[in-house]
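Colleague: All chains should be built: construct the whole structure from the sequences, respecting the hints.
Chains as they are written, first to last, in full-length UniProt numbering: chain A, 1 to 204; chain B, 1 to 204.
Relax, there's no trap hidden among the hints.
Copies of the same chain are indistinguishable here, so a pair counts whether it falls within one copy or spans any two.
No more than 30 Å apart at the CA atoms, straight line, and that leaves these computed lysine-lysine pairs for BS3-like:
| hint | residue 1 | residue 2 |
| --- | --- | --- |
| 1 | K59 | K6 |
| 2 | K102 | K6 |
| 3 | K102 | K159 |
| 4 | K6 | K17 |
| 5 | K131 | K59 |
| 6 | K6 | K131 |
| 7 | K131 | K159 |
| 8 | K102 | K59 |
| 9 | K59 | K138 |
| 10 | K131 | K102 |
No lab work stands behind these hints, which were simulated from the structure alone.
Every value quoted in this text rests on a predicted model; they were computed, and no experiment measured them.
Number of protein chains: 2
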Amino acid sequence: MQYSSKVLENAIHEIAKLPGIGRRTALRLALHILRQSPEEMHLLSDAIRVLVDDVMYCKNCHNLSDSDICGICADQTRDRETLCVVEDIRDVMAIEQTGQYKGLYHVLGGLISPMEGIGPGELTIQSLVSKIESGEIKEVIFALSSNMEGDTTTFYIFKRLNNPDLTVSTIARGLAVGDALEYADEITLGRSLQHRVPYENSTR
Amino acid sequence: MQYSSKVLENAIHEIAKLPGIGRRTALRLALHILRQSPEEMHLLSDAIRVLVDDVMYCKNCHNLSDSDICGICADQTRDRETLCVVEDIRDVMAIEQTGQYKGLYHVLGGLISPMEGIGPGELTIQSLVSKIESGEIKEVIFALSSNMEGDTTTFYIFKRLNNPDLTVSTIARGLAVGDALEYADEITLGRSLQHRVPYENSTR
Chain A
1 MQYSSKVLEN
11 AIHEIAKLPG
21 IGRRTALRLA
31 LHILRQSPEE
41 MHLLSDAIRV
51 LVDDVMYCKN
61 CHNLSDSDIC
71 GICADQTRDR
81 ETLCVVEDIR
91 DVMAIEQTGQ
101 YKGLYHVLGG
111 LISPMEGIGP
121 GELTIQSLVS
131 KIESGEIKEV
141 IFALSSNMEG
151 DTTTFYIFKR
161 LNNPDLTVST
171 IARGLAVGDA
181 LEYADEITLG
191 RSLQHRVPYE
201 NSTR
Chain B
1 MQYSSKVLEN
11 AIHEIAKLPG
21 IGRRTALRLA
31 LHILRQSPEE
41 MHLLSDAIRV
51 LVDDVMYCKN
61 CHNLSDSDIC
71 GICADQTRDR
81 ETLCVVEDIR
91 DVMAIEQTGQ
101 YKGLYHVLGG
111 LISPMEGIGP
121 GELTIQSLVS
131 KIESGEIKEV
141 IFALSSNMEG
151 DTTTFYIFKR
161 LNNPDLTVST
171 IARGLAVGDA
181 LEYADEITLG
191 RSLQHRVPYE
201 NSTR
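Modeller: As structure tokens, then:
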């Protein structure tokens, strides 16, 4: 498509590189940007630049942070003997939202995926292993996605830990709360049966 | 939701102001931005800033432009006696894509809409009327959306023109090429019948 302005064309070109945004949506966004006050849109432009330039990763857990050590790792009231291993920072947010977990996290930054060329070296696995070897951690909980990449990554890390004093668990798989039994797939339902919980614990 | 970084939270807040982008999509986009090279993402931030600061509107037709007069208005090979009135610059692009129109444009910048508080004063109607009164234009073609706002705007401008020497037309309404007759709504089909064209012209 022909644009009447090079400036517009360039903006569309850059916006359309974002995932899930095609050239038509990019044009709509660019026209929206032009209808706003310049001050408002400088805020957007600056927010992106500051995000790129100023964001830091926690040296301990690799979560996004505004300082060297993130708020969760710095919080001395949390259980420092339990470590939850997750794929990325969205998972930290999701688990924090539940209010059910008071330990620390370790953000891998991805999952092992030979198909996408992501090996253990691309992830923060070495830092995880060193942290556990240093001895403060008593339990490691794997909270990775339930797919081939997630299972591979869990298995790889489990093999590397190799410490009989360490409790290693994964989050439970089963029917979602509110799900109808008849629509559940057989693997999920199978695991739900296999890992059934005593009734007196089931609603806690 | 709690974010571990103020910088991230601010970026999400600004991105989520864009139309059609909620906080969850904004988070996904922000994490995508963090995975790219800083240079790439400075291009995005700069493209938005340059768009806001440097874009110009053609003094003649109000189309987006890189200079005072846009490429279409400056093109002396175009038919300068025909003027097509459109709502916004996307319509100019759509009509240019057809390759069927060689005249000039006038971009209104919106449609009259009492519901949204947009009156004739918010649009470039005065500039359109002055341009037509200056006398070079022989035909005005209204190419506005086929809804209440579009019809109101066309009617308002038509009344203001009030010049017996001027040919005024609107683009044809009817079944889209490829449409099945049985699924057409009755108003469209009615207009299609009313404005039927001689068969020898119909495929030109």
